[in-house]
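Asker: Going down the list, the sequences are from chains A and W. Each residue of the first sequence is one higher than the last, beginning at 1 in the UniProt record's numbering. Each residue of the second sequence is one higher than the last, beginning at 1 in the UniProt record's numbering.
Please keep in mind that the hints were generated in silico from the structure rather than gathered at the bench. Since the structure is predicted, the reported quantities are computational estimates derived from the model, not experimental observations. Mixed in with the good hints, there may be bad ones.
Since copy identity is lost for identical chains, a pair holds within one copy or between any two.
[Claimed, not checked] Derived DSSO-like pairs (lysine-lysine); straight-line CA-CA distance at most 27 Å:
#1 Lys53 / Lys188
#2 Lys141 / Lys28
#3 Lys64 / Lys113
#4 Lys113 / Lys188
#5 Lys35 / Lys141
#6 Lys11 / Lys33
#7 Lys6 / Lys53
#8 Lys22 / Lys188
#9 Lys188 / Lys28
#10 Lys188 / Lys11
#11 Lys28 / Lys46
#12 Lys53 / Lys33
#13 Lys35 / Lys14
#14 Lys6 / Lys113
#15 Lys35 / Lys11
#16 Lys35 / Lys113
#17 Lys157 / Lys46
Number of protein chains: 2
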Amino acid sequence: MDDSFKTHINKFVKMSDDEFAKIISYFKVQHFKKKENLLNEGQVCKASYFVTKGILRKFFINGKGVEQTTEFAIENWWMTETFSFINQTPSEFFIQAVENTEVLVLHRDAHDKMLDAHPLMEKYFRCVYQRTYAAAQRRNKFRYEHSREELYHFFRKVQPEFLQRVPQYLVASYLGFTPEYLSEIRRKSIS
Amino acid sequence: MDDSFKTHINKFVKMSDDEFAKIISYFKVQHFKKKENLLNEGQVCKASYFVTKGILRKFFINGKGVEQTTEFAIENWWMTETFSFINQTPSEFFIQAVENTEVLVLHRDAHDKMLDAHPLMEKYFRCVYQRTYAAAQRRNKFRYEHSREELYHFFRKVQPEFLQRVPQYLVASYLGFTPEYLSEIRRKSIS
Numbered sequence: 001m002d003d004s005f006k007t008h009i010n011k012f013v014k015m016s017d018d019e020f021a022k023i024i025s026y027f028k029v030q031h032f033k034k035k036e037n038l039l040n041e042g043q044v045c046k047a048s049y050f051v052t053k054g055i056l057r058k059f060f061i062n063g064k065g066v067e068q069t070t071e072f073a074i075e076n077w078w079m080t081e082t083f084s085f086i087n088q089t090p091s092e093f094f095i096q097a098v099e100n101t102e103v104l105v106l107h108r109d110a111h112d113k114m115l116d117a118h119p120l121m122e123k124y125f126r127c128v129y130q131r132t133y134a135a136a137q138r139r140n141k142f143r144y145e146h147s148r149e150e151l152y153h154f155f156r157k158v159q160p161e162f163l164q165r166v167p168q169y170l171v172a173s174y175l176g177f178t179p180e181y182l183s184e185i186r187r188k189s190i191s
Numbered sequence: 001m002d003d004s005f006k007t008h009i010n011k012f013v014k015m016s017d018d019e020f021a022k023i024i025s026y027f028k029v030q031h032f033k034k035k036e037n038l039l040n041e042g043q044v045c046k047a048s049y050f051v052t053k054g055i056l057r058k059f060f061i062n063g064k065g066v067e068q069t070t071e072f073a074i075e076n077w078w079m080t081e082t083f084s085f086i087n088q089t090p091s092e093f094f095i096q097a098v099e100n101t102e103v104l105v106l107h108r109d110a111h112d113k114m115l116d117a118h119p120l121m122e123k124y125f126r127c128v129y130q131r132t133y134a135a136a137q138r139r140n141k142f143r144y145e146h147s148r149e150e151l152y153h154f155f156r157k158v159q160p161e162f163l164q165r166v167p168q169y170l171v172a173s174y175l176g177f178t179p180e181y182l183s184e185i186r187r188k189s190i191s
């Protein structure tokens with residue numbers, strides 16, 4: 001494991017090497033193969049995942065039986081099914097590895113014990129959730145104001161690496177396109 | 001001021017009366033008249049608001065010059081423009097009182113000082129933001145799965161008091177209807 005998680009923590013709180021060593025002992029490193037599910041619909045979400053290598057996505061199966069992707073997490077992002085994780089109720093979503101992925105796993109029990117023992121991590125998570133919520137609010141505004149086609153071009157501008165790594169049918173699912181419509185937009189934007 | 005804020009804090013953390021007395025000293029009570037703006041687009045959002053009486057809404061003005069409501073806060077909810085509040089950059093949203101409203105105001109400076117002096121409030125805000133984000137994720141899923149008309153009926157079922165208090169043109173703005181279309185749906189659901 002590299003020190004990306006330590007770097008991430010230090011963006012928000014100042015932590016000694018000794019305290020970090022204690023913090024990291026609450027986590028487990030785990031590997032998932034491409035298309036492997038970390039969580040299935042109907043299961044209780046028992047962990048939060050910090051991506052150290054790879055990509056995760058969250059999706060649900062809609063009324064037509066089609067997978068609807070609602071969220072991606074690349075390196076240095078957290079992913080969990082927050083409602084299920086907090087309330088320990090069955091999840092309405094799946095979490096799946098988009099490519100071979102390495103994560104730091106924080107189980108719910110370890111999460112609670114760690115926060116009791118290390119209040120500095122309360123600040124860290126407060127900052128992470130505050131920023132995550134702020135980003136969700138901005139995405140929401142963007143979706144009200146712009147067409148899905150504009151959203152694709154915005155994506156292409158600010159997250160080019162992300163668009164290259166994620167299979168096109170998942171980008172289409174996230175943006176609510178059919179794969180054919182996405183191909184058409186891509187052709188138009190290249191020509 | 002009643003003790004609704006104390007009750008809200010005690011849902012998430014155990015706090016002594018002495019500590020609460022210190023916490024509350026960081027806040028100011030403020031009253032806003034119906035349709036008064038707490039924040040304008042382009043201003044830096046300098047405070048977070050906890051609603052003790054009344055309703056706030058967040059909106060932006062879209063490309064067609066029309067107000068688009070994205071969020072409401074009733075009693076015991078927090079409201080702020082999170083991105084602007086964190087980064088102290090100009091806000092992309094307005095915050096406005098829907099009816100005569102009483103709020104507890106936590107200015108950004110007081111927010112930072114309070115969190116330094118009372119780490120227990122880090123836990124409180126971590127829990128609040130975690131739940132706020134979880135709720136946003138569920139709303140997002142609901143919007144993917146259901147028509148706006150279904151969203152209105154869902155609203156009517158789980159938040160009847162809210163629908164009675166908020167003027168219909170704001171409900172329409174939130175759901176992305178024209179006021180005429182909302183009237184039509186209401187007529188259909190009564191008959």
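Asker: Against the structure shown, which of the earlier numbered hints fail to hold, in ascending order?
Answerer: 1, 2, 3, 4, 6, 8, 9, 10, 13, 15, 16, 17
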